[in-house]
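Protein chains: 2
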Amino acid sequence: MNRKSFIKKAAMVAATGGLLLPSCTGHKEKTNEGLDLSTRYKWKMVTTWPPNFPVLGEACQLFAEWVNQMSAGQMTIKVYGAGELIPALEVFDAVSSGASEMGNGAAYYWAGKAPSAQFFTAVPFGMNAQQMNAWIYRGDGMKLWHTLYKNFGLLPFPAGNTTMQMAGWFNKEINSMDDFKGLKMRIPGLGGKVLAKAGGTAVLSSGNEIYSNLERGVIDATEWIGPYHDYIMGFHKIAKYYYSPGWHEPGSVLENIFNLKAFSELPYHLQVILETASARMNIWVISEFEAKNNEYLQKILAEKQVEIRQFSPEILATLKKHTNDVLSELAESDPFAKEVYTSFTNFASGIRNWASYSEKLYHEL
Amino acid sequence: MNRKSFIKKAAMVAATGGLLLPSCTGHKEKTNEGLDLSTRYKWKMVTTWPPNFPVLGEACQLFAEWVNQMSAGQMTIKVYGAGELIPALEVFDAVSSGASEMGNGAAYYWAGKAPSAQFFTAVPFGMNAQQMNAWIYRGDGMKLWHTLYKNFGLLPFPAGNTTMQMAGWFNKEINSMDDFKGLKMRIPGLGGKVLAKAGGTAVLSSGNEIYSNLERGVIDATEWIGPYHDYIMGFHKIAKYYYSPGWHEPGSVLENIFNLKAFSELPYHLQVILETASARMNIWVISEFEAKNNEYLQKILAEKQVEIRQFSPEILATLKKHTNDVLSELAESDPFAKEVYTSFTNFASGIRNWASYSEKLYHEL
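The listed protein sequences correspond, in order, to chains A and B.
End of the first sequence sits at 1835 in our numbering; the numbers just go up one at a time, nothing left out.
End of the second sequence sits at 1835 in our numbering; the numbers just go up one at a time, nothing left out.
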């Protein structure tokens, strides 16, 4: 359609529908009012990831670039990898105290401070990335998360998701629940508690120790993330079996956390820029994981050094039963945890019912 | 950790690791340089949705708000529903000509102008929302889409996804492929072509005619979106069967399209604001569909006026075979369509292989 006929039709719509047409298209006028642009902000972002960590660290850098670009240079954010300014597990405290204005990590790292934080990253047999986003953005998730973190002077936004993980690398076959007895596995958080209920031992290892611990037999098994990151770690060279599915972390949410006072004192347009850039970061991370994981799964398969296995339905059913016990205990730990647990499980139950008519059937096509 | 110990530790890291610490935290300085803020932009967004259409129209309003907020009022966008300024299916031309600076719709509406546009919305038995985003953001999807639309003076960004749809509402049982013979169904695009191969007739009906056409028997069946929108249309009151899965639209991408010249002439910070707000809109729409569809599925079930059915594996296998034929014909229609088809099918094949270890198994947990 040419411009003339467009304008003619638009005028007809206006005449018949009572609409007021703007006097011209692409109208511009000179103004500076309402813009608070005199103050430049230089912020720090401390992260729980090693410097330049694939996907997760890269996303932090992109976030900083987008914020810088959208604010036309009014706000610059310098990203620090773990250990560059503070150790990984001090991110929460550093942002809470205001020593750093913002940080990036995952809520379940802070379970020691707030047990219910774990619901905002991942729950075994919980929700996948798309469903977690639905609960957080369009269910009660965000409100509950903000309420919890407010106690620490923090404001969180989702800023990525690992998507469905793999169950991990094993040097012992897991053919029945008996094989979990005495199993020493590096598996943090709620997954570790479920392993303990199954008779195994959850071992803590920092990222850089896992490879040698698995190689030397200090641990029998480890989970990490998915094929992309796992391949970089080289686990396929020293483990016998690579198990799926990642029952313990079906969609782990990553977070941007802001010092609440620093955030509140920003001009409003920069607040919205930070929130919106976090959402873009979220979908970028999900997309990057999806795009990269098959590529690296193919490398792992091609090198033929590890056997890919799947947990039996019986094993998964028993792990799920143990999970329900672990979650019930967590829900009883304090009244707020109970509130989050109730919101999470109700939402998960509903959305999984809808998935049984939609996404589940998609994967069977 | 208190601030004193943080600064002490940070200083130690700096001393041992050679890092330069910023001289103070939350550093601010006065500046206005580099900010192009003297020109205010008032844009129009024409859309293919009725005014205030749930989810899709709401998301357009939110997009306009976020852009206004992030630009501190420098850019305002007025959203027009279909028919308010121009009819729904003139959005592409209106933005292409520059009569409107931007629009919102779905690429498959423009199949008549560019057959390969259909790959950027939905392909039967194609990819779901998460996978489409991976292809577009982190595969070759975006590059190909931009190349195609550049021919029309347009720049597209993904701005939502309906997620997995339902197969539709039927007044005839579909127990075998024979039942598709002579079936008159409202189903647009590639899905309609597949129906034709199965012996049915794809009927065009605009949104406001579908209900009466189904009620009067002018059509035997119709697809629409998913339980939320379908419930609002009231189809459960007049159809006998509600079928899943939505094989024809497993993850339909919605688009923001910009007039390329208007976009290019914007200051760079506003360009990034528009792209970033589109990404936030994308994840908002996906989350809203996920959150609402089960709620309305429950209403449909509770009213007990329709029977929920599922296509048999044999029917789905045959529809898939017909789909492959339809896609091959589309790929042969022009060299660019072939290029998009190849990129799409290669990416889909890889990501679906990864899903067989991850998301598919998640839904079986």
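Rather than coming from a laboratory, the hints here were simulated on the basis of the structure.
Be careful, since some hints might not be right.
Remember, identical chains collapse to one label, so a pair may be satisfied in a single copy or spanning two.
[Claimed, not checked] Straight line, CA to CA, 25 Å or less: simulated PhoX-like cross-link-like pairs of lysine-lysine:
1. K1808 - K1583
2. K1707 - K1654
3. K1583 - K1762
4. K1731 - K1769
5. K1613 - K1710
6. K1791 - K1830
7. K1654 - K1548
Practice problem: Kindly indicate which numbered hints from before are broken by the structure, ordering the numbers from low to high. | Solution: 3, 4, 5, 7
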